[in-house]
Amino acid sequence: MPQIGSFSLILGLALSAYAFAAGIVAIVRRDDRLGETARRAGIATFIAVTAASLALVVSAFRDDFSVAYILHHSNRDLPIQYKFAALWSGQEGSLLFWCWLLATYGLVLRLRHKVDTRLVAHASVILSAVQVFFLCLVNFASHPFALVAGTIPPDGNGLNPLLQYPEMVIHPPMLYLGYVGMAVPFAFALAALAMRYPGEKWIHITRRWTMVGWLFLSCGIFLGAHWAYAVLGWGGYWGWDPVENASLLPWLTGTAFLHSVMMQEKRGMMKVWNMWLIFSTFLLSIFGTFLTRSGVVSSVHAFAQSGIGPWFVTFLALIFAACMYFYVKNKDHLKSEHRLESLVSRESSFLFNNVLLLVSAFAVLWGTLFPVLSEWVQGTKVTVGPPFFNKVNVPIAMVLLLLTALGPLLAWRKTSAESLKKNFFVPTIIAVVVGVVLSVGGMKPWQEMSNFYSVMAITLSTLVAATIFSEFWRGGRVIARHQNTNILSGMVTLTRRNTRRYGGYIVHLGVVFAIVGFAGAAFNQDIEQELGFGDKMQIGRYTLVCRSYTQDEKPNYRSEWAIMDIFKDGRQIDTMYPEQRFYKASEQRATIVANRSGIREDLYLVYAGQNPDTGRPIIKAHLNPLVWWIWMGAHILLIGTIVALFPNMQAIKAAVLSRDREKALAEVKGTGSAVGVGD
Amino acid sequence: MPDTNAQILLIDDNPTQLKVREMVLRGAGFMVSVATNAGSALALMKTAGDHYRAVVTDHMLEGHTGVDFLRELRSFNSEIPVVVLTGMPDIEGEYDGLNAMVRQKPLPPGELIALVQQTIADNIH
Chain B
247 MPQIGSFSLI LGLALSAYAF AAGIVAIVRR DDRLGETARR AGIATFIAVT AASLALVVSA
307 FRDDFSVAYI LHHSNRDLPI QYKFAALWSG QEGSLLFWCW LLATYGLVLR LRHKVDTRLV
367 AHASVILSAV QVFFLCLVNF ASHPFALVAG TIPPDGNGLN PLLQYPEMVI HPPMLYLGYV
427 GMAVPFAFAL AALAMRYPGE KWIHITRRWT MVGWLFLSCG IFLGAHWAYA VLGWGGYWGW
487 DPVENASLLP WLTGTAFLHS VMMQEKRGMM KVWNMWLIFS TFLLSIFGTF LTRSGVVSSV
547 HAFAQSGIGP WFVTFLALIF AACMYFYVKN KDHLKSEHRL ESLVSRESSF LFNNVLLLVS
607 AFAVLWGTLF PVLSEWVQGT KVTVGPPFFN KVNVPIAMVL LLLTALGPLL AWRKTSAESL
667 KKNFFVPTII AVVVGVVLSV GGMKPWQEMS NFYSVMAITL STLVAATIFS EFWRGGRVIA
727 RHQNTNILSG MVTLTRRNTR RYGGYIVHLG VVFAIVGFAG AAFNQDIEQE LGFGDKMQIG
787 RYTLVCRSYT QDEKPNYRSE WAIMDIFKDG RQIDTMYPEQ RFYKASEQRA TIVANRSGIR
847 EDLYLVYAGQ NPDTGRPIIK AHLNPLVWWI WMGAHILLIG TIVALFPNMQ AIKAAVLSRD
907 REKALAEVKG TGSAVGVGD
Chain L
64 MPDTNAQILL IDDNPTQLKV REMVLRGAGF MVSVATNAGS ALALMKTAGD HYRAVVTDHM
124 LEGHTGVDFL RELRSFNSEI PVVVLTGMPD IEGEYDGLNA MVRQKPLPPG ELIALVQQTI
184 ADNIH
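If you read the sequences in order, they're chains B and L.
Each residue of the first sequence is one higher than the one before, starting from 247 at the first, in the numbering used here.
Each residue of the second sequence is one higher than the one before, starting from 64 at the first, in the numbering used here.
Chain B extracted, bound-state conformation:
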């Protein structure tokens, strides 16, 4: 099996190198036949890389510990879903997984080449170049099928216990689908620039690809946050860890692109800006992959320090050089068709939105790299923690919230005072009322900065939600009257007629929910106590009583757990079982958090350890307000993105009509009738 895998990787590299070289020659010589062989070589790369990936998975299932990768990331007693996940749990496997995802995206691109044959041919070459890089990595620098030297141990080291959790089966694939997905819009953008593509059709073709990559990136980020919350046991969901930041960076620039690209579509503006945004998004995706694997910064996520850093640095430099070359050569092709006419316009709101997102991205990048930079300059590593990132990003998030409310309701070019009043008066009143109620109702923004930001966040979120609701209500009401149906049907029809706009509103609503959830963090409480049988601890309105504690043994791990009865206002409402595991193969501890989640707050219990003298458990209890809103926001954001990906109802009808018309025409021509369509 490892031999099959190794051979498939070599074959894949050869095929992708051919697809790259032949693709370039075909473009230069305008040789369609050669171009077709390049396209097919690209498709065949998918088959070769799939074979290699399957070989690794089968090796895991068969407990083939002659393969070093399987020895280090699996063991006999590992449940089967985690043996499958071993594919992406280590460096070599995750790079192979990257290759496979890229080959899959490439396959879809090449199968859909008829959408614009020349553009796709150019984009294909660029994707092949990226594929060559990653296949070189897995063939020469980080080989997943390297064999164990000497005696093969009878069992493996097992999977990192932090990864033995259901969400870890899907979090990395989602994130990688996002990172890799950004290669496609990058390929299209660079292709459009290189071939001086006329018009903006390339953006229409690229838009859905960008949204798909963004969707998976968002999914991966939220899953990672939820995993951190549910597994790591520190009571939080985002620690501004370098690898977390690495996933956020392309998300920020990708979000900026998804907004500013509308200006290019509608008004022919910001062409240079958009081109470099999509270049940056892809560069940051590669950078994120590099950060996770090179050991440059220390992180709870990072793989062990490895020698592939120079490969990534070289590749990043080559991509940047290619982007710069084509930009300098063809920048005259990117002249804007219009200028900004008013500060109170949709264009200006998108511009401000972009500037803020980029400031945030820069600050996150700076903070992430500061330890490396300080070590180079001063010789000592200075770490930057959450206070820096929060200090910069929280105010930015507030202004972005305000823009989220204003932007969609501003007109293109210029917005009148009358329109402003009509669109914003009622939502503003509602938001102000909510802000006042929160302030006097206990959140006391004057007491602490974090309280102030929480009140601001919820107030502005209310403004956004109110403007979104008013858009759906007004539009839905018109349709409902026209079609003599109810308001809900009207809203559904409204959405189906413009999925991009109204799907976007739903995405904004998801963001609002998530920000409300983040706002709760200012009011977190926690307490830690050793508990014997019958002992109690108090947190908020909850009384926690330890009813029992014990230890257990399973084939894969030993566990210590406690039985905690939960009382609220004197009445028992639940029983919770915080647990700690010790995994035998890897000799690592992992926390299994007991979490009781509600709309208002989470009661979060951690088995923090055991007093060695008494044998009693030490329980840490957290009371985390509003966390549920974050996960609900994530779901809403994903639904909104999926809605926005659907074609408009009119577009579907037109496509169906067009196909029917073509079919009828073909039948008429076929029968030789003198009467044609349209006569």
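By construction, these hints were calculated from the structure, which means they are not laboratory data.
Among the clues, some could well be false.
To be verified - Keeping only pairs whose Cα atoms sit at most 27 Å apart, straight-line, the calculated DSSO-like set for lysine-lysine is: (1) Lys782/B <-> Lys109/L; (2) Lys82/L <-> Lys830/B; (3) Lys447/B <-> Lys581/B; (4) Lys814/B <-> Lys109/L.
What the hints assert, rightly or not - Calculated Cβ distances over 12 Å to all of chain L for the following chain B residues: (5) Asn385; (6) Arg585; (7) Ser685; (8) Gly688; (9) Gln693; (10) Arg743; (11) Lys800; (12) Trp807; (13) Ile809.
Just so we're clear, the structure is a prediction, and the values are computed from it rather than from any experiment.
Glycine residues also receive a C-beta, built at the ideal position from the N, C-alpha and C atoms.
Starting from the known structure of chain B, arrange chain L on it as the hints suggest.
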């Protein structure tokens, strides 16, 4: 709640004796849960009682005797075999009607293992 594979619930308020018996039974291939008092053990039985095949308890527990524990246990679980270990003579009568097997301490490891194996085997049949 945690998915337990434990077969034996071991109860003793003396941590040293508890640890020694636990190691003996684990060494014999049993999966063991432990409790240090009657209340804790009853909570475990109510939570995970379906998984256990036998209970091994000391007669003297903190604040209770094995008899108190067993009376409470039999109010919701009449089936599970219980072995009571005691250093005190002539206490079998206290366990009449509670379906318990009383044995005198000290019990050598081999005998403890054989006793638990026999108890489980008898219960299956």
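inquiry  = So, against the hints stated earlier in the document, which numbers end up violated here?
reply    = 11, 12, 13
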